[in-house]
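S.K.: Following the hints, put chain S in place on chain G, whose structure we already have.
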Amino acid sequence: MGKKRKHSEAEVTAPVKKDEGAPQRPKRTLLGWKDKVEEKESDSTAFRNKEKVLVTCSRRINYRYRHLMMNVVSLLPHCKKDNKVESKESKGATLNELVELKGCSSCLFFECRKQKDLYLWMAKCPNGPSVKFLVNAVHTMEELKLTGNHLQGSRPLLTFSTNFDKDPHWKLLKEMIMQIFGTPKDQRKSKPYHDHVFVFSIVDDHIWFRNYQISVPHNEADKVDRGGLDKMTLVEVGPRFCLNPIKIFGGSFGGQTLYENPFYVSPNQIRALEKKQKAGKYAKKVKAKKRRKMHEISNPMEPDEFADMWKE
Amino acid sequence: MGILKKELVLSNKDTMNDDVEENPDVEVSESESEDEDVKLTERSKTSVYNRDGLLDKLGDISWPKNVEWRHKLSLDINQEQEVDVNDDLARELAFYTQALEGTRQAFVKFQSMQLPFLRPSDYYAEMVKTDSHMVKVKGRLLAEKRKIEEAEERRKARESKKIAKEVQAQKIKERAKQKKEEIESVKKWRKQRQQNGFEKDGEMGLAFEDGKTFEKSTKKRPGVGPADRSGGKANQGGWKGKKGGADGKKKSRDFKDSKFGFGGRKGLKKQNTAETTNDTRNFNKGNFSENKKRKR
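Protein chains in written order, with the working numbering: chain G, 1 to 312; chain S, 1 to 296.
The following block holds chain G by itself, in its conformation from the complex (with noise of 0.2 Å):
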C-alpha cells in the first residue's frame, strides 16, 4: 500500500517536474541523440508512393493458376496474399471491403471458372477503373527452361512496346499495370540493385509479359564497363502470360462499362463451337448415304457383260 502511493505521487509530480526550468533533453533514439530541432523536411511533400497489391483467388483454382498467382506474390514485394474467396454472389461488394480491411490500394483478383479458365481482375481499389482479363499462355517460374534468377523484391524496370499510347483504353492499362507491378521506391521489402526488367507488349490486341534477368559483366555498382552494355544478356526468370482484355470497368469491380473488347470470344463459346463442328458428324454420314441412295436409284448402272464369267 506504501508503495501504491508513493508510485501516484511521483507520477504527480513528474510532468510538474519537466515543465521547469531546465531545457528539455534531446530526445534519445537509438543511433544517438537527436536534437529536436532538427527535422526533415525534404520529403513532407515529395511524392511518395504507398501502393499496396492485394492478391487473392477464388476458390476451385487450378494447380498451374495457383503457381502463376504464388509467382506473382514472389515477383511483388508489395503485395499482400489473401485467403482465397468464394465466387459467389456479389463478389464485388465483398472484394471491395477486403481491401479496405487490408489496407491496400489496388487488388489482382485471379478468378479461375471451370477448372479451365482463368480471369485476371486488375482493380485500383477505393473508386477506380478495373479491368477483367483473360489469361492465356501460363508459364510458371518453375518450368526448368527457364533459367534465369534474380534478387527478391529488387525493383523491376518496366518496358512498354509504344502501342500503348497509341489509344486511350491502352494508355489507362499502361498506367494501371505500371502502379501494380511496379515497385513502389524504398519499400521495406524491397531490394537495392535493378536486376530484372519486365516487358508489357501488344500483340495481336493482347498484353504479353515477360519477365527477364539483367546480367551484364561489371565491376562497380554504379559504373558499367564501356563495352559492357553491349555484352548485356537477358536469361528469362519469369512466369509468362498473355492477358486478353474483355471490359474495362468505371468503378471497382463494377460500375459503368468504359470499354468492351470487340475481338473478344469467350472460351465457353469456343468450346461450344467445336463441339458444334463435331455434332453434325453422324446426321451428315446420314445424309450423304441418302443422297447417294438416290443418285444410284436415278442412274442405274448397265448391266456388266462379264457379270457372270466366273459363275459356275
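By construction, these hints were calculated from the structure, which means they are not laboratory data. Bear in mind that the values here come from a model prediction, so they are computed numbers and not experimental data. A couple of the hints might just be wrong.
To be verified - Just so you have them, the derived chain S footprint on chain G, three or more residues with Cβ under 8 Å:
no. : segment
1   : 136-149
2   : 157-168
3   : 171-180
4   : 201-212
5   : 215-226
6   : 232-243
No residue lacks a Cβ here, since even glycine has one placed at the ideal position from N, Cα and C.
M.R.: Relative to chain G, chain S alone:
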C-alpha cells in the same frame, strides 16, 4: 451497355498449340442451313467505347506529372515491325529486343544519375527461385549438353570408322599390288636372263625399283657387345627383387629376344669389324690404375 450481337465465325488461324490458347479474332457466323458455315468478315458487334470516360479515369489515377523517373522506372520502346503472333521465335525475339533496348536506356539513365544499380558479386540475398530449384535447372542443362556431346561423338566415331575402314582396305590393296609387282619383276628378270643365255654373272641388269642396293638393316640388336654370350642380361643391373620364378616366363622371352631377335646375335663369327673397334662394352671397366697382376 449496348446489346451485344455476337456472330461467331470459323477462324482461319484457329491454331490450338499446347501453350498458346488464343481466341480467334476473326468472327464467325453460323448460317441457318445445316451445311458448312459461311464466313463473314465484317463485325456487326456494337461494343462500348467510352473514350472520355477512359481519359477521365486515367486522369484520376495517374500520378502527378512531375514525379521523378526513379519512382516510375518505366520505359517506352518502339517496336519497329509487326510481329506475327503465331511465329513463336519471332515473337520472343521481339520481346527480347524490347527488354534489351529498355535496359540499355535505363542503365544509361542510372549511370548519369550515378546511382548504384548493378548487383555486386558479394551481395548475397534471397533470390526469387530457391537454390534447390537452381540445382535442378543446372542438372537439366548439363544433361542436355552431355546428350548433345555424346551424339556428336557417336557420329564422329561412326564416320571415322568408315574412313578408317576405307583407308585400311586401300592399304591392303596396295600391299598386295606391291607384292605382286615384286614377284613379277623377279620373274621378268629371270626370264630376261634366261633369254640372254645366262651370260655375265656379276651384272645385275635389272636394278631394283628403289635404286638402292641391298642395305644392311639398321635395326640395332639389343645393346650388347660383340662377344657377349649372356644375351645382354649381364649389363642390366639394378633389378630390384625380380624373382626368377614369378617372372620366369617373361625373362625367358626377353632372353630369347635378345638372343635371336632382329637377326640374332653375331656370336663369335666376326669379332673385329668397323663397328666393334671402339666398342669396349664388355671389357673390364675397372680402375685403370689398379694392379692387374694381383689375383682377385
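S.K.: State whether the coverage of the segment 136-149 of chain G by chain S holds or is violated, taking the criterion as 3 or more residues with Cβ-Cβ distances under 8 Å.
M.R.: holds (count 8)
S.K.: Is the listed coverage of the segment 201-212 of chain G by chain S valid when you require three or more residues with a beta carbon under 8 Å from a beta carbon of that chain?
M.R.: It holds: at least three residues are needed, and the segment 201-212 of chain G offers 8 whose Cβ sits within less than 8 Å of chain S.
S.K.: Are 3 or more residues of the segment 171-180 of chain G near chain S, judged by a Cβ distance of less than 8 Å?
M.R.: The restraint on the segment 171-180 of chain G holds, since 6 of its residues have a Cβ under 8 Å from chain S and three suffice.
S.K.: Closer than 8 Å, Cβ to Cβ, for at least three residues: run that test on the segment 215-226 of chain G against chain S and report holds or violated.
M.R.: Our answer is that it holds, as 7 residues pass the Cβ test (under 8 Å) against chain S, meeting three.
S.K.: At a Cβ distance under 8 Å, does chain S reach at least three residues of the segment 157-168 of chain G?
M.R.: holds (count 10)
S.K.: Can you confirm whether chain S covers the segment 232-243 of chain G, using C-beta to C-beta distances below 8 Å and requiring at least three such residues?
M.R.: As far as the segment 232-243 of chain G goes, the hint holds, because 5 residues have Cβ atoms under 8 Å from chain S.
Comparing the model with each numbered hint stated earlier shows that all of them hold.
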